[in-house]
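Counting from 31, one number per residue, gives the positions in the sequence shown under the numbering used here.
Don't take each hint at face value.
[To be verified] Dumping the calculated BS3-like pairs for lysine-lysine here, alpha-carbon to alpha-carbon at most 30 Å:
(1) Lys-44 <-> Lys-205
(2) Lys-59 <-> Lys-71
(3) Lys-162 <-> Lys-130
(4) Lys-205 <-> Lys-74
These are computed hints drawn from the structure, not numbers from a lab. If you're wondering where the values come from, they're calculated on a predicted model, not measured in any experiment.
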Amino acid sequence: MKTKNKILEKLKKKIEAIGISTISEERKKVLEPLVEYLQQKIDKNEVAQLNFICTHNSRRSQFAQIWAQAMGQFYNIPVAAFSGGVEVTAFHENAVEAIKRAGFRVSAEGEGNPVYLVKYAEELAPLKMFSKKYDDNANPQKNFAAVMTCSHADETCPFIPGAEKRIPIKYEDPKEFDGLPEQDQKYDERSEQIATEMKYVFYSLSLKTT
């Protein structure tokens with residue numbers, strides 16, 4: 031495996047500390063289609079494009095995009111991660127704070143639906159994170175996997191134009207804890223769950239490429 035030293039140091043320590051033994055066999059079955067899709071791309075020497083789709087593209091799909099890109103870099107698996115929604119809102123400030131606590135460097139440009147520049151590696155350009163529809167021009171229009179991160183989006187969008195594969199990997203929405211004392215804890219838990227599962231996916235692939 032190649033060096034991982036491009037990853038931001040605090041984030042690198044966070045990733046190294048994440049344990050994947052907590053993932054149940056049932057959940058591994060849910061993740062297996064994503065592992066298989068990425069493996070097919072690796073076998074063809076292609077960069078896998080993943081579009082994580084949720085209703086508002088404000089929390090879960092943003093977490094998934096960010097963690098998938100970081101894990102791809104950590105394990106030296108070529109991937110281009112994107113995200114989108116059925117509706118446009120904004121990358122929610124509570125989710126933004128959660129990724130900051132995890133070790134990402136974040137700066138914002140604009141208001142209303144700001145663009146957040148999320149830095150995960152020293153020598154690479156930051157991810158440009160903002161709420162957008164799944165078919166926004168910023169996202170791939172073909173040759174990608176549509177990863178459905180919530181039930182509503184999965185049911186509302188039975189067909190995603192241009193997607194090679196549709197993979198449901200659903201997560202509970204932390205927004206129900208907005209404004210409550212346990213808000214930050216619950217956002218961190220959801221971010222860490224997604225980070226853990228993305229680590230499992232990319233770690234599994236790294237075993238096959240070393």
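Hint check results:
| no. | hint | verdict |
| --- | --- | --- |
| 1 | Lys-44 <-> Lys-205 | 24 Å, holds |
| 2 | Lys-59 <-> Lys-71 | 19 Å, holds |
| 3 | Lys-162 <-> Lys-130 | 21 Å, holds |
| 4 | Lys-205 <-> Lys-74 | 39 Å, violated |
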